[in-house]
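**Student:** With the sequences and hints as input, model every part of the structure.
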Amino acid sequence: MSLRKKVYFRPEDWSKAHHLLNRVAINTAPLIMFPPPVHPADLDADALVDLQKLQLDAIQKSQDERVHLGALATLQNLYQSDLLQSEAVGILVEAAHVSATLGVRNVATVAGALASPEGPPEVALALMALDAVVVAQQ
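The sequence shown lines up with residues 570 to 707 when you count with the numbering used here.
Keep in mind the hints are simulated off the structure, nothing from the lab. Idealized CB from N, CA, C, for every residue including glycine. A portion of the hints provided could be inaccurate.
Just the calculated beta-carbon pair ranges, DEER-fashion [claimed, not checked]: (1) 690 to 656: 37 to 47 Å; (2) 585 to 627: 16 to 26 Å; (3) 619 to 660: 44 to 54 Å; (4) 686 to 592: 19 to 29 Å; (5) 633 to 595: 33 to 43 Å; (6) 608 to 655: 30 to 40 Å; (7) 637 to 574: 35 to 45 Å; (8) 684 to 591: 16 to 26 Å.
**Tutor:** As C-alpha cells, this is what we get:
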C-alpha cells in the first residue's frame with residue numbers, strides 16, 4: 570500500500586466534478602470501487618473525486634422501455650433489483666450474484682466491474698448477451 574497523500578473531493582454537481590477531473594496540473598481520478606476492491610491509497614492519482622452525490626446509482630426503466638443502470642449502482646443493487654429480475658429472466662441479477670461475495674457486492678459498482686481488468690467477467694458478459702449499450706460521459 571502506498572503512503573502517498575491524497576486529496577479527496579465530493580462535489581455536489583456535475584459541473585464541479587467535471588472541473589476537478591479535467592485539471593491538468595494535478596493527477597485526478599474518480600473514486601470508483603472495483604471488484605476486487607482496491608484501497609484508495611493504491612490508486613494512481615494525487616486527488617480523488619467521489620461521485621456519490623451525483624445520483625449515478627439509479628436502476629430504472631425509461632419511457633422507451635430500456636433499462637438504465639447508473640455507473641455507481643452497486644452489484645448488490647443489481648442483485649436485489651425487482652426490475653432487473655423481471656428483465657431477460659434475471660440474467661443480470663444472477664451475473665451480479667455470482668460475480669462477488671456479499672461484502673464486495675455492497676461496495677463494487679457497475680462502472681468498477683466494467684473498468685477493472687481484474688474484475689469479474691460475469692456482469693460484462695451478461696450485458697453483452699443482453700445487447701447492452703454503455704454510454705460514457707467525458
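**Student:** Now, for every hint given, state plainly whether the structure supports it.
**Tutor:** To see whether the hints hold, each was checked on the structure:
1. 690 to 656: 37 to 47 Å: Given about 20 Å between the Cβ atoms, the range is violated.
2. 585 to 627: 16 to 26 Å: This hint holds: roughly 20 Å between Cβ atoms.
3. 619 to 660: 44 to 54 Å: 31 Å, violated
4. 686 to 592: 19 to 29 Å: Check passed, 26 Å falls within 19 to 29 Å.
5. 633 to 595: 33 to 43 Å: The hinted range 33 to 43 Å holds for residue 633 and residue 595, with Cβ atoms some 40 Å apart.
6. 608 to 655: 30 to 40 Å: Between residue 608 and residue 655, where Cβ atoms are some 37 Å apart, the hint holds.
7. 637 to 574: 35 to 45 Å: 37 Å, holds
8. 684 to 591: 16 to 26 Å: 18 Å, holds
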